[in-house]
Amino acid sequence: MNSTILITVITLSAIGMAAALILYFVARKFRVHEDPRIDEVEEVLPAANCGGCGYPGCRNFAEALVKSDSFEGLFCPVGGNEVMAKVAEILGREAVTQAPLVAVVRCNGSPGHRPKTSVYDGPVTCAIAHALYTGESDCPYGCLGYGDCVEACTFDAMYMDPKTNLPVVIDNKCTACGACVEACPRDIIELRKKNPKDRKIFVCCINEEKGAVARKNCKVACIGCGACVKVCPFDAITLENNLAYIDAEKCRLCRKCSPVCPTNSILEINFPEKKMVVKGQEKKDAKEGSGKEEKVAASGSEQKESGEESKKDKESNSSNK
Amino acid sequence: MLKTFAKGGVHPPENKLSASRPIESLPLPQTVSIPLSQHIGAPPAPLVQKNDQVKTGQLIARGEGFVSASIHSSVTGKVVKLEEVMDAGGYRRPAVTIQVGEDEWMPEIDTSPGLIKEFDLSGKDIIEKVKEAGIVGMGGATFPSHVKMSVPRGKKAELLIINGVECEPWLTSDHRLMLEKGEELLVGIRLIMKALQVEKALIGIENNKPDAIEHLSGLCLGEKGISVVPLKVKYPQGGEKQLIKALTAREVPSGGLPIDVATVVHNVGTAFAVYEAVQKKKPLIERVVTVTGPSVKKPCNFLVRTGTPVSHLIEAAGGLPDDTGKIVSGGPMMGKALNSLQVPVTKGTSGILILPESMSVRKPVLPCIRCSRCIFVCPMGLEPYLLMTLSEKKMTEKMEKEHVMDCIECGSCSYICPSNRPLLDYIRLGKAQVNQLIRSRKK
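Residue numbers (my numbering), protein chains in the order written: chain G, 341 to 661; chain B, 470 to 912.
Simulated from the structure, these hints should not be mistaken for laboratory data.
Remember, predicted model here, so these are calculated numbers, not experimental data.
Note that beta-carbon positions come from the ideal geometry of N, C-alpha and C, so glycine has one too.
Do not take every clue at face value.
[Stated by the list, open to error] To give a feel for the contact side, a few chain B residues facing chain G, derived at Cβ under 10 Å:
#	residue
1	V548
2	E552
3	R831
4	V834
So here's chain B without its partners, still in its complex pose (with noise of 0.2 Å):
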């Protein structure tokens, strides 16, 4: 039988259309808008100015402060505006805004396609180079990733874990990275082990994904330490708590990180980074993004510049559908609505998910009916319908005790509910209430 976390967890419609289109580089569009904040933590302040010519590659905001991440330039060209941009919730944020020249990378990036497979850097050098380009967790949380990979002091790693799971539907922009990028990855994750200090490492990839785990196991025999693990398809096992506990049974305690039970927990994408800032010098400007939908002429999967317009790679994927009802930013379950095209592609997007219609329109909100099916699909063992009841009624200590903030917003029990109702709506506010008692109550 195979493996997976015990607890909760829905099966949607898969739905990955685009799981056979091999990655496709999209042409540059005529402006990019690079946000200074991709990821979760400060947002780092711009070192360029309005006319200055920047090079792709470039350095244009250097991550202050541990939790920051820098930012580089993805394109050759001059920078017209140092001014807000919107992002995916319409809010504007600052952002640099360059217009495309003619492709000029920085000439110490190694653009060659060759593989590099070299180990002489210590750890520190390898999370130094990682820092300095900028990489951040692309599984969508947008953590910095070198905070990541330095164990805190009394804390000690046993065990590397890559995420390759992928479980939000749609979405395929992992798995093509796994199927085309196999031997690079493999070289990322042998760094992220040399910076982690650790001897052995699990690529956990979903049941529903056949040629990839045929792929990396066939690519990991000459390695040692490295294993691929199929796991049975279950949503949100592509959650760091859900994969560990599906991986190695381990549950880590509430309120607590990985490594308080001796793991880390990396995405696929991330170890190709970390491949590429290593061994080719080259920061995170580029990434993988799926653009799908059910009435997507050509659902595809693209290499993408940060900064490019959503509005740029739904062309290229054959232009927007008449029954357009809803773009989402990331998949189904845990994305975000945009509301509007020209929002940018940052380091944290997995996906453009275009719904017709049909698909995007909220059913009519009904009573709780007490089927208590919220609470067992709820990863987390939470009670959802109970935290949705407490956060209308503004009872925020008592939402504290009911474990609000271990909720990790997957939405299984919004999308299971047969009442419609918006239980993770409420309980995202109530995560707010009592992020902000906790912030009240230390000052």
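Excised from the complex, chain G in its bound form (with noise of 0.2 Å):
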């Protein structure tokens, strides 16, 4: 009896023991180095996984990063400038920083600025609906309004308003990893420039038709009538194929090009009412003004307000002078 016990304790130690020694010796001769570094910058990344960089996941992005001599082309947009200052104290070199971007959705073209002309009842994709015709509008440029975008978005940034059937991003959720830019088949996303208190001046436009059928079509489309660009200050816009383009870099927010479009396509976000005031009061009044952080929704009802009591304001200041 003690002797079963014995000779099977003894057999399964030996063989125990020389698979240990098989497996020591295996894992020795096919050990793969790596870079301990690897996993250093790894544990900084995000962990988002989210492809913004142009890797499949944050353990490439990571190895790449380790690999490369310089940083020329590599950025986390989710992390930003901090991740990337950690990951350049890791592997000691110099931090590459960058303006911080958001994702902006440059159509506004609500049910009620762009009448409906068809009907789709195909799948619920904008990259189906997208290959077969122009959409439910005449607008051949225009937001489909099936949420390719959002289904993209890991970052639980943006959300289809129902009332204007369009996309909306939720500036401080967004990482601006560029997946609703690839998911939209029109290309109407953009990522921008990011303003102190979210604040954004655009073209909420990007059909390059002539003015007169774009106008047709959708109300709040960018005829290319270039008022904005003889009022812009900075050079900030170009006119390119009837469609204005404002450039987020040279666009210093000064707020002059929104007033002067007819079709109320430039729009203005996060910046206070702009309010009738006496000489004097002005400077008081801004304060308090951007103090408060009101927020102008992109829905098609509000939007034509806000358009008309800019106008409301120019004919004012007209009368005044």
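Dock chain to chain to rebuild the complex, using the hints, since each chain is given by itself in its own frame.
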């Protein structure tokens, strides 16, 4: 009885020892040398695996960072400058800073602005609808409204506004990973420079058709009249293919362009409301206003109102003169 | 037993309402908009300017490059606009808009009705004439015909197949053409045979057109090498690969062309256009279009000039019915729903189908129940349910391995699916993605 137990224990331990030896030598022989810094860098990265950097995941990006000699073309949009600084510290290089970006939807064609001319009852994805036809309105550039971008966002930073049937970006959640830009078959979404207090001025339209055609299909289309180009003191606005474009790098947020736009296609977002002010009080009012943080949603009705207001402003301005 | 293709296929209700209506010439509209891109391949640049006077049959854009087709004016009148007009999908494409005046044909075009049987031209000259006339495949794919008629070096054609199948339900334009222009058709076939240097031609016609089979068989008695083959009625027999399989039992290899199995397929409409181009010097400026639908007052077959707005055709067929839900350019299986009535008729428009609301709404999509009926009906032997899932998940490389590019987009899978799944929509998306992948690989 005892001897059976003894024999069993001895055989098992012998097999165990032999296996351990084989494993030990195999592990030594086939050992893959990996830079320990890759693990360290990966630890610092946000672990979102969003692909915003252009690599399939954070691990691959970490490998690329460690392998490369400089940070050229390598940037984690999600982590931003903070994370890149940490990475630079680990790798002993100088950090490269980039201005933070935010996704901007450049279409304001809510049903009120852009009447429906046909009905689509196919699969609910923009990719298929775009390949088939212009969409339910006649604008071949405008948002289709089936939410491929919202689907693509891994940070819950987008939602479809049921009123306008347009996607809305939640600025403080957006990491500028670019997944929505990739997902949009019409290239409506753009990554633009993030301004303080999330302020934005941009041409909310990408229609390159002639003014009359664009206007016929959508009330808030850019008609390429060039009024904004003339009024811009910083040469930030260019007009190409019947479409104005505001360069976010050059734009100084002076807000001169949006009131002159005849179709209200230039949007100002998160600015304090413009008020008629008496001289002297101007500064004070501006300060108060900026503290409030008013948000102008891209909804149809509200936008229309603000447009009307700006028109009124213009009129009263001219009458004052 | 009648011949047909081996794999898959469906049999939708035929509904050939307009089969007994003779071809009528449609009165000219007030303006025509002739799109410059009416074919697969590069769009040509316009040769005319605003306010130019053009005559019927005048060249207005010359096809440049090999895979391109010339465009001719279909009417006499003044060019009023060189702007973009809406195509079937609602996207705007460059076009020449002409205000129609009194019809005056180019002097070299023979407009007399007599039949000309002359075969003096060499094969090369015939192809040149076809190219000049801007003829494209009139079955709907609009591939430039002169390209198909020039056999590539190292390949040899043995057999010409003429496609008179017209497997799409509702449409009858080819059917009427075969009945009314049989003799011209045979001359056209002879000309194509000469260009291809083949001795044998088969005309495939489905058995639901017994009058056309009888008529053409009678005419073929005196013709050496041309014969009519009746086929079992099954969709999509009009697909090139299916027709070759049905007539010759040869299978075009995956990714290959009919010439790989020594055959060339042309539509009956194309053969007729070749006759007119070579014998009458008439470019391709008009075609037969069926206007039909369950509540259309007068289902018709019209001889229509290209560029005529669809609204003009519908007017002539008794106006738009009150219960209209959808207007389709082409047949119900492969046609495209229009979103404007101003869309012009092009070289590839075989019919205008007006569906009532009850027939134009998609049923709610239900989950796949793995019944595999889509696999049974796929004429290319693919697995549509799998391809749809892969497309949804954006697994492009896997899709390529599953031969998504072999899909002929016939829509049999979507037609048969008991869960109303949009199989073809997703497969088409998948094809676009795979195409992109292939292109990026080439770079």
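Consistency of the hints with the structure:
no., hint, verdict
1, V548, "18 Å, violated"
2, E552, "8 Å, holds"
3, R831, "5 Å, holds"
4, V834, "8 Å, holds"
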